[in-house]
Amino acid sequence: MTAAGAEERFRRLHRETYADLLRFVERRVPADDAEDIVSTVFLTAWRRLGELPEDARPWLFAIAHKTMANRTRSWLRRRALDVRLMSVENTTAPDGAAGTAARIDLERAWRTLSVADREVLALVAFDGLTSEQAATVLNCRRSAFAMRLARARSRLQAALEPAAPAHPRTVKEQQSWTKA
Amino acid sequence: MDESMKDLDRLAVLDPARNREPSAEEWARAEAFVDRVVAGSPAVSGSPARSGSPARSGSPAVSGLWDRRRWLVVGAAAAAVGAVAAFGVPALVPGAAEKAVASWTALPAARSGAEVLPQAKICAGNDVGGGASPTVNPSDVLLAEQRGEATLLVLRKSNGVVVECLGVGDDQLASMSLTEGTPKVPAGTINLETMSSLGEGDTMWSNIVGLAGDGITGVEVRLDNGKVVQASVDNGWWAAWWPGPEGGEADALTVTVTAGDKTTSYRPSDLP
Numbered sequence: 030m031t032a033a034g035a036e037e038r039f040r041r042l043h044r045e046t047y048a049d050l051l052r053f054v055e056r057r058v059p060a061d062d063a064e065d066i067v068s069t070v071f072l073t074a075w076r077r078l079g080e081l082p083e084d085a086r087p088w089l090f091a092i093a094h095k096t097m098a099n100r101t102r103s104w105l106r107r108r109a110l111d112v113r114l115m116s117v118e119n120t121t122a123p124d125g126a127a128g129t130a131a132r133i134d135l136e137r138a139w140r141t142l143s144v145a146d147r148e149v150l151a152l153v154a155f156d157g158l159t160s161e162q163a164a165t166v167l168n169c170r171r172s173a174f175a176m177r178l179a180r181a182r183s184r185l186q187a188a189l190e191p192a193a194p195a196h197p198r199t200v201k202e203q204q205s206w207t208k209a
Numbered sequence: 077m078d079e080s081m082k083d084l085d086r087l088a089v090l091d092p093a094r095n096r097e098p099s100a101e102e103w104a105r106a107e108a109f110v111d112r113v114v115a116g117s118p119a120v121s122g123s124p125a126r127s128g129s130p131a132r133s134g135s136p137a138v139s140g141l142w143d144r145r146r147w148l149v150v151g152a153a154a155a156a157v158g159a160v161a162a163f164g165v166p167a168l169v170p171g172a173a174e175k176a177v178a179s180w181t182a183l184p185a186a187r188s189g190a191e192v193l194p195q196a197k198i199c200a201g202n203d204v205g206g207g208a209s210p211t212v213n214p215s216d217v218l219l220a221e222q223r224g225e226a227t228l229l230v231l232r233k234s235n236g237v238v239v240e241c242l243g244v245g246d247d248q249l250a251s252m253s254l255t256e257g258t259p260k261v262p263a264g265t266i267n268l269e270t271m272s273s274l275g276e277g278d279t280m281w282s283n284i285v286g287l288a289g290d291g292i293t294g295v296e297v298r299l300d301n302g303k304v305v306q307a308s309v310d311n312g313w314w315a316a317w318w319p320g321p322e323g324g325e326a327d328a329l330t331v332t333v334t335a336g337d338k339t340t341s342y343r344p345s346d347l348p
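Read top to bottom, the protein sequences are chains A and B.
The first sequence lines up with residues 30 to 209 when you count with my numbering.
The second sequence lines up with residues 77 to 348 when you count with my numbering.
Just so you know, these hints were derived from the structure itself, not from any lab.
In this text, all values refer to a predicted model and were calculated from it rather than measured experimentally.
Be aware that a few hints might be false.
Here are some, though not all, of the chain A residues that point toward chain B, as calculated from beta-carbon distances under 10 Å [to be verified]:
#1 E36
#2 H43
#3 V67
#4 S68
#5 L72
#6 W75
#7 A98
#8 A130
#9 L150
#10 F155
#11 M176
#12 R180
#13 R184
#14 A187
Note that beta-carbon positions come from the ideal geometry of N, C-alpha and C, so glycine has one too.
The shape of chain B in the complex, shown without the other chains:
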């Protein structure tokens, strides 16, 4: 600590990691992890980073680690993939992810609650968010979009929990709870509830979802690789998904929000 900061010494008693040293078991696990990392893939060479400008995490493997807690894989293959997930490797219903990724479109088609009622019933029927809903009405669907063969839903369950589901036909890829009640953000603004990625290799995909205040007319996700994804906006929510790892990385995209004639761009870390 700088000499001039000595007045902060007294704060040391509040430090939750004061005198914390890794145990022998923690060291052993950490070193085993290092062994796996160096055995698994080569380091990437490059020019030294500018001081004060940390690089983004940019590997699919990082994304896989990052998000394994969020999405729950549901549906017919849940038991099988659950066994895989116990090792921390996200998995999807075989075949469905490939179909979703292969048919993906940057521009979504909006769907009404009535149009996606079969998928909504499947989404509401899983245990994500505290339990299955006994009944589902079109009005429970807060946002629904179609990209190729995949349907993305933001749905309010009968217990008040809002969940997100992604599926292909009757096959659900994944589902996760987002929030409870009816949260709102100020007019003309958005927030970021979450973004994440799931899967591996060619079938890795990312999602991003948040609340949208009144007056928001469009949200666009611009990936750092140049790909542009139009998000869906409906009933106070905005959402998008795309093939790739960026949702599991730190600020690997920009979110551009349009409210009337005003357009504002944010890095995810700048969004509330």
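This is chain A alone, in the form it adopts within the complex:
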């Protein structure tokens, strides 16, 4: 690839994926930190442009995921990268009280899930990835991701069912982000 060709490809990649990557990162870390992480990912992509697969978006997300996981350890000493939630206070409910109640139920159910379950669900429901792309992000086989997703969906469904027996899973509180 010529230098001009590499630059053109990189700029096109940036144009096509920057917004998606920013959203992917902001779902997991505070907005203040997101731009820095996205820059790190694109710098990596530039340095390894010749290695990027044709479908580069999952590759970029995978680099971002690794970067965030590593930083999370240092900043918060948490044990896992977690998906954030849109706070109730910041949302409007166009469909009224019923919609609000459903959303609260959904959020409650979401919080009962493990960090790992939330991540596999978010990769599909929030980030819009296919199972194959999500498997790339988590560096696992597609079949393994599909199994994890099926289990996570099942646990989410169980947590949403009002007639379900008391759930033995410990409720995990959403941890708040603070600067180290």
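Got chain A sorted already, so can you dock chain B onto it with the hints?
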């Protein structure tokens, strides 16, 4: 989303980035960054990556971006380097980093708290971790090692915060807080508190530090370039540093843990 995943549609209301679009200012900053990147260094050609196997971030520049928040540069030159750090470029006390890197050894020499008390007082005297400690005792030093001219310390300050310091003689290169209280990990296991890199070019260096459970007799850091670094283990902590960028990269090394006759190797991302 796959058609079969439509039951997940309802989760969209929880999406923290729902309807999020970059602002004009964000686009402008991002495009300016792209301009700087393409102007700064050539892209690296190579064979296409295998699907499902993302490449590691592997440039010093990435590492520099990665870790600028973690280490605080302290000591006599702090004011001067602080001005540089505001631009996001990690900096070190001039000369000290060169000495540390030039004299570095893969095998550390263990030091007692009493032996490193002068360096411990300097380490405890900075504001990292919530303030300076008025007094320092040898027992406050949880781990101390010497590699050439550089001394690495893991130290408990009087406020209970555990900090890490790296210095050469009376010159501190950097310091950062690690944890509070007395956390422990199960016997025979380790965790990774953090790893990072700092500096640029020939004086870039990396560190890695974590908790070590009872029974851990050795920790070794094997870089992907083949270099092997023996870590120090003491008082429930393990730590090492080395010249190079790997601490700021994603899984560019392997940590091998020995507990008795059992040896286990981990990629950093696999460590708790």
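Do the hints match the structure? See the list:
no. : hint : verdict
1   : E36  : holds (5 Å)
2   : H43  : holds (5 Å)
3   : V67  : holds (7 Å)
4   : S68  : holds (5 Å)
5   : L72  : holds (5 Å)
6   : W75  : holds (5 Å)
7   : A98  : holds (6 Å)
8   : A130 : violated (12 Å)
9   : L150 : holds (6 Å)
10  : F155 : holds (5 Å)
11  : M176 : violated (14 Å)
12  : R180 : violated (14 Å)
13  : R184 : violated (13 Å)
14  : A187 : violated (13 Å)
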